[in-house]
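Participant: Here is what each chain is made of, one letter per residue.
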Amino acid sequence: MKYIEEFRNGEFAKALSQEIAENVEPDRHYQFMEFCGGHTHTIHRYGIPNLLPKNVEMIHGPGCPVCVLPMARIDKAIALASFSNVILCSYGDMLRVPGTGQKSLLKAKTAGADVRMIYSVDDAHKIAQENPQKEVVFFAIGFETTTPPTAFAIQQAKKLGLSNFSVFCNHVLTPVAMDSLLQTKEVNLDGFVGPAHVSIVIGSKPYETVSKKYHKPIVISGFEPLDVLHSILMLIQQINENRCEVEIQYTRAVNRLGNLISQQVMTEVLELRESFEWRGLGFIPHSALQIKAIYAEFDAEKRFELPETIGEEHKQCICGSVLRGVKKPMECKLFAKVCTPENPLGSCMVSSEGACAAVYAYGRVNAL
Amino acid sequence: MTEAVAIKKLSGPKLNFKNGTIDLAHGSGGRAMAQLIDQLFLVAFNNEWLNQKNDQAAFSVSSGRMVIATDAHVISPLFFPGGDIGSLSVHGTINDIAMSGAKPLYLSASFILEEGFPLADLQKLVTSMAHAAKQANVAIITGDTKVVERGKGDGVFITTTGIGMVPEGVHISGNQAKPGDHVIVSGYVGDHGVAIMSHRNNLQFQTTIQSDTASLHDLVACMIHAAPNIHCLRDPTRGGLATTLNEFALQSQVGFMIDERKIPIRTEVASACELLGLDALYVANEGKCVAICDPSDTEKLLAAMMSHPLGLHADVIGEVIEDHRHFVQLKTKIGGMRIVDWLAGEQLPRIC
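Those protein sequences? They're chains A and B, same order as listed. Quick note on this note's numbering: the first sequence kicks off at 78 and runs consecutively. Quick note on this note's numbering: the second sequence kicks off at 2 and runs consecutively.
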């Protein structure tokens, strides 16, 4: 098993597609949200909508860490990068996300700021070790998937006495966001294709509360096209049988309790924020993490005097509604006309996990 | 044939190719530069035109259609599995010439060297260039050398320009794809880009993948011999197969329907792309071509390609369709449909 090609097998896809068609009740409309941007991309990259019956509709969710970060936080990162003694290390996707007034980290870099694109927080450590006279700040973003490495990097920095390293922490939490989304009742959902990588870390248990509270089935799905098709089938079967469970399709990686060591590292270093702003979802209580006081020296928000930022979105950008699943990318007046991956006006067009980027890159042929 | 021209060398000490480095004097126009040319470039490229030591090379050509192409090479790293900036700078321009169906004749080369660059490395690169040119039977007949201060370059940049002659009756151009035409790719895509990525300083990973860098004019000559009426031909370098198809779609005002299962991609390349979050369709090649031809030519063209060492894995990957939006559509492995868009931003900087 190589765990890649096997999950992209055309014959199995055809069989799953047929099984889905046989299982759907013809008079019923099924509306599922794929929470993760990774799933949105799989759906469009492999043309999954063509393999689903007309009455099965997929709606993208807010699970794109780059997309949900509000402009105010991006503005803060740009301010950080602009300090003369700072090297700001960031994952590639973040560089092009527009902040207020269409500024971005990439533009700050062009103007002379030292912004480095890195693949892992380890690289930020290395840069800190190689540049002892500089302040190296890691722009930490992401759901629970990328949180343990950040927490571990902070622990390591303390152990190594890496006094010029700090973290601008923007880690957010998945189940809380699901709850907040369902609370608004803006979108009529029959169930969720649940996060893959996030669930490797936290397990499937944390979704049980939200599933029960709102009576929505959740199937934790792998990122390959067969995983997604299989999960959709499992959701349809749950609905038809009037079940409401948190099921794991992605059994090769996810279990109910998750990765306990990762969870422990997270708990040691990070704690819940009282409230955190999400693009599209607004301020959600206890939805994000901050660095604990015992590690305050590694907290960029405490280490630097950051300006107060508000974040002004482009007036016509509907990223917020897209992230809540209320609107589809094509419904945006700016989509593909003014807002393109080359000239993104909203975050959903930038990220490799953004819904607008997925539809733009792969899905326009079905939609136009 | 012109008579062989003996090199009139400037007397003086030998350059230290073991431990020496480039300094600003090597680009000054003075004795140091003359010595570098004498002892390195003339020795390596050794041909009747260059050996005359003029600021230009004069040559006669027969009448007909000529092509000219130029290509700057800024690749990082300079040495990579399967090649180096030297061989690449020869292959790159020869391939641009060859994609018109032309037989490449002569090359010129311009070097921008950074102060402090090791002469040993320069000698390696120049020798590799000479080897690539010799293999391709194309002479590098004129050139230029400049040196920039330390920190103002990145070792060496090489720009080559080439000229070639198009055989009579051959009219290949990117605007000639017609609905119903077949699309053929000459072999595995993505090898070059992945080989480069595996050797980037900040991203070293183990792979057996070698760059596919090669001169394609001999393959093209075989192809034209088999099917003189090829409509379009291009080497999918930066931006990969996806970019070439999008360029053709726009130039010819058509669309494409490609079958993902038919695109030859090595497992190692697919795995590396998976790991790095890249799409192999956008990854650069330096020894592959995409041909578009009338379906009546497909069989003989494919047979000709597959009988050449550089076209062993050639395959028909799709066809040209009518589409006023000029989309490149892909039938995915699982039977879905999607578009293959223009590359957004930069996937891999400094790939050639």
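Please note that the accuracy of each hint is not assured.
[To be verified] The list that follows gives simulated cross-link-like pairs (lysine-lysine, DSSO-like), each with its CA atoms no further than 30 Å apart:
1) A:Lys392 <-> A:Lys404
2) A:Lys392 <-> A:Lys410
3) B:Lys15 <-> A:Lys131
4) B:Lys332 <-> A:Lys131
These are computed hints drawn from the structure, not numbers from a lab.
Participant: Which hints, by number, does the structure contradict?
Facilitator: When the structure is compared with the hints, only number 3 turns out to be violated.
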